[in-house]
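K.L.:
Listed here are the chains, written in short residue letters.
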Amino acid sequence: MSPRTLRLVAIAAVVLIAAAPFLLQPFTITLMNYIGVFALIALGLVLLTGIGGMVSFGQTAFMGIAAYSTAWVSAIMGYSPWAGLVLAIVLSGAVAAALGAITLKLQGHFLSISTVAWGIAIYFTFGNIEGLGRNSGIASIPPISVGTVALVDSNQIYYLIWAMLIGAMWLAHNMLDSRVGRAMRALRGGNSMVESLGVDAFRIRLATFVIAAILAGLSGWLYTHLGRFISPVEFDVTRGIEYLMMAMVGGAGYLAGAVVGSGLITLLKNAVQDYLPLIAPGSAGQLEIVVYSAIFILFLQRARNGIVPYIAALLPDVVHERPAEAEPLPRRTQPAPGKVLLEVEAAQKRFGGLAAVNNVSFEVMSGEILGLIGPNGAGKSTMFNLVTGAMPLSAGKVTFDGRDITRARQRKIAEAGVARTFQHVKLRPNMTLLDNVLLGTYARTKAGFFSGALGLDAAEEKRARYEAMRQLERVGLGDKPFELAGNLPLGNQRVLEIARALAADPVLLVLDEPAAGLRKQEKAALSALLKSLREEHLTILLVEHDMEFVMGLVDRIVVMEFGTKLCEGDPASVRADARVQEAYLGGVV
Amino acid sequence: MTADIAAILAVDGIATGAIYVLIALGFVLIFAVTRVIFVPFGDIAAFTALTVAALELKQVPGTVGLVAALAVLATLVEVVSLLRARSPGRIPKALVFYLVLPLAAAGAVWLTAGHALPMALRIVLSLVLILPVAPLLDRIVYRPIADASVLLLLTVSMALHFALVGLGLLFFGPEGVRTETLTDATFEFGSVFVPGQTVMIVGAALLFSALLYLFFEFTLTGKALHATAINRTGARLMGIRPERAGTIAYLLGSLLAGVSGILIAPVNTIFYDSGFLIGLKAFVGAIIGGLVSFPVTALGSVLVGLLESFASFQSSAYKEVIVFSILIPVLLWRSYTTVHSEEDTEE
Amino acid sequence: MALLAIEDFSVSYGKAEAVRSVSVEVEKGRIATVIGPNGAGKTSLLNAAIGLLPASGRVIYDGEDISRLDVEQRVEMGFCLVPERRELFGEMSVEDNLRLGAYSHRRAHAQNKRSLDEIYDRFPRLMERRRQAAGTLSGGERQMLALGRALMARPKLLMLDEPSLGLAPLITREILATLPSLCENGVSILLVEQNARAALETADFGYVMETGDIVRSGPADALIHDPMLITTYLGGHG
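Just so you know, the sequences run in chain order A, B and C.
According to the working numbering, the first sequence holds residues 3 to 591 in order.
According to the working numbering, the second sequence holds residues 366 to 712 in order.
According to the working numbering, the third sequence holds residues 6 to 243 in order.
So that you can see chain A by itself, here it is in the shape it has in the complex (with noise of 0.2 Å):
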């Protein structure tokens, strides 16, 4: 399916929803309408699980906040509802910032755990509220007016619910596929590779908690004046649930999954009220969450990324268009050869008692590669931690270009121009390799989530996507920029690394074993690929277990062993030393 087709069916799905209701019963429509209104609350709960791996309970607190300000606003002070959504959207949003400023730096399941309790705490603060009606809530709440037509109609207010969807939509698919929409995908699967990037994932947790808060406040604007009754417990963590259900069963790594998930469940859940009573008449209430669980549950269990990955395997593939050429973005002037540019001082790294690294110095020359060596447990990957800022010292200095980094975040480190690869491979697979290489340019790029959602970034994409495109030709992985990056093997996941790193323009790059996993003509192009950047005065600082490789390709090598150093020089004189054999083959050879 090439992009023209796609938008032709999107046009197409356009159309089909405008004339649904000429078409479709009333009562159909009024079921579209609450469908359209919990999917805008899903789209939320699946940017936010689904692509940034934040699982929250408690997304209805967002949507009651939205529905008792708007139910406020026109019902009990008499303003117009336009008047309520703003307020709606400010403060759902003011306090999501608020809650996830506390609460964002928690981890997975405690994250979760938080969102339960403040769900909570919000909802019992919902019915204690004299103001707002405690228990029995708010009645007779107005329609939403647009000029002088009030939407009591079910058909009247159906356009503006899903003139919204679509429109949120479109922005959260424009956002998701910019510069930030790609570190918001890359959140799931740790913090470290993503702040090596020079992200600041905090910030970008935060924005799309702020975005999902005020998705849920926008479905609680619309639901309040569709319904126009609310009580505290429409916004109990019982609805948290089915939403987030919404969200999984659609499929919460895709924003479709949002439409599909609410459709599904809302139609279920009528369905449900019309054939349960036949069923097990009495207690038809009860056991209407006791399927919906189940349903959950088994979904949970079977099928964890939803429906929509099953729909999209019937359907053709989309045909992407391979980047064009472009202007190149703005490169670095890289120091003059020759120069101390990375400077370790007595650095010293401890776990608890255990000295992992101690009372480590070397120097990186501007233009060199420099070979890290030592047995397996000699410390050089905490060493590499160190230098990137992954890891605080316990003591020590580093110096990076003149400027003392010891105390450094990796953001800025990265900024300043260091960019590095990992022994454990930390890719995105399931992000393409074009968009893993383009996470690389994130810190050379400058577009925003209003720009990105907005496309306005247009420009500046295509450059990033041009440059991607050119570093993964570069390190040979050009053939297939759409492949997914977890279908490749570990050899070359560890070469996409590589130009992952490349795409950041760097100054310094830091190679955590680059060559483990590669066969051996692989072996020679990768030290083909680097004896070139050295050629471009780009400094490498790499560790490697492959003697072959290293003895051809470095120009100094530092050993350690049981995190202290052993000895340095060039490689002749290093093969030579007798203490560097005794590591290595343990014994007189």
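Read the hints as simulated data drawn from the structure, not as lab findings.
Each residue gets a CB set at the ideal place from its N, CA and C atoms; glycine is no exception.
Some hints could be false.
Derived SDA-like pairs: lysine to any residue, alpha-carbon spacing no greater than 25 Å straight-line [to be verified]:
(1) A:Lys107 <-> B:Ala513
(2) C:Lys118 <-> B:Glu582
(3) B:Lys684 <-> A:Glu132
FRET-style restraints, in silico, Cβ to Cβ [as the list claims (entries may be wrong)]:
(4) A:Phe353 <-> B:Thr598: 15 to 25 Å
(5) C:Tyr18 <-> A:Val151: 51 to 61 Å
(6) A:Pro394 <-> B:Asp512: 25 to 35 Å
Got chain A sorted already, so can you dock chains B and C onto it with the hints?
P.N.:
Just chains B and C, lined up with the frame of chain A:
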């Protein structure tokens, strides 16, 4: 607030806290062995209370039907998975464990329910009946996804909790119950009267904490459970089956939940859905213990009980808001003191 | 007949193949070794052989195809692994770690007591530290404990994954030196090592693994003089 009122609130808080201790210990136990945050804990406690109440009224408790239904379902799941693994030889043993034993418990209660039973027997029958619930739920719900992330397991737990609330309404009806007090004795400490019930609750909490301690410290099975929690792969390489360790943990968890349900029923009116809030408050205690440490968990749970007691005196309408708001700083503190491994996070 | 025969074995992570159609055998009462650089797939091979990772191909142990059995069943049959990461129970005492090693025959109290004494005889250092938490031990002591814990299961076949990892050469030797005496007691061993020379000096038969394939195999004393191996392991012509 006078000193007398403070003392009364403190006694009250310690009693509530002691109930939370029992449930929180169960949370820690099950999380440590299986990585499951077993949200439905409170539900099981509430179901036990409802069971005792039904037996008092000489009615067949809804738990009988619930256990029977779960047993049949678990048996089906187990038999299918054994057939798929092509090990039909293990079916008879599975039938005994998942079908015969739970049905025997259900049958015993069903047969005796109509008679006037002494209180001790009612309690024992309720515990026997509640014991299989958590292991059966484990088999049906968690076992098929034992390798999933903590987060996914938590999501499943939440869904399971709502399923149980629905089943609770179906099997027990909407009425609240309060059971006979276990003892009418009161003790006087200085100017404060302490009901015997409170002494029993605290005593039970101490007793079960001690038993858990002895189990983990002095039996090889206890150590095997602990080992599974510390290092699952290491345990498997010693021939310790994580599933079996999980089943034992769930059995113990059921027992703890049951005991707490029996102790709370004479003090609080319990509805089919009362379990969630009780469980969640106990969970705050478990989080204070980092879901790892038994002693800190016990202390934390008592703290939650005290906080709740004093909060309800200050502002009863907002007591839940206060109790759950405290969870956020606790989580933050825990999150900073726990070292997270990157490899644990889900791709 | 071989006690252990791994036949046509492949291990994949997603679409990436870590081990490609490898066959390895261990004769009864002998030590076989698989050597090779980091990332060659050695650890995947052992983890799949014990059943921790899914694999295609067959594992024949003592004449029986055990490919479908789970890890615990294999362990109960006397087929044990000392993993690369040791996987000790860090917060538990040395003695508790050892006692859990005998979990697969936990009813044989008298025999377990004897095994425990034997382990303490073999590694007096563990005796000295038996009340200490396993997590506080030094690297060498950890390796001893991991080995001792596996021996408590009274294995017939023991697989060791990089016993030299992070250890000084002297300690590596000390640990490798205990292996032949285990063989005399009827234990067969499959040793995976990066420290090629030490491994080949200890073993009877060797396999060389590179990027998922066995590229060479033969009697250990022949491999040790193979010029190609010397090149790979020290680079150049050292």
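K.L.:
Next step is simple, just say for each hint if it's right about the structure.
P.N.:
Evaluated hints:
no., hint, verdict
1, A:Lys107 <-> B:Ala513, "holds, 23 Å"
2, C:Lys118 <-> B:Glu582, "holds, 19 Å"
3, B:Lys684 <-> A:Glu132, "holds, 16 Å"
4, A:Phe353 <-> B:Thr598: 15 to 25 Å, "holds, 21 Å"
5, C:Tyr18 <-> A:Val151: 51 to 61 Å, "holds, 59 Å"
6, A:Pro394 <-> B:Asp512: 25 to 35 Å, "holds, 33 Å"
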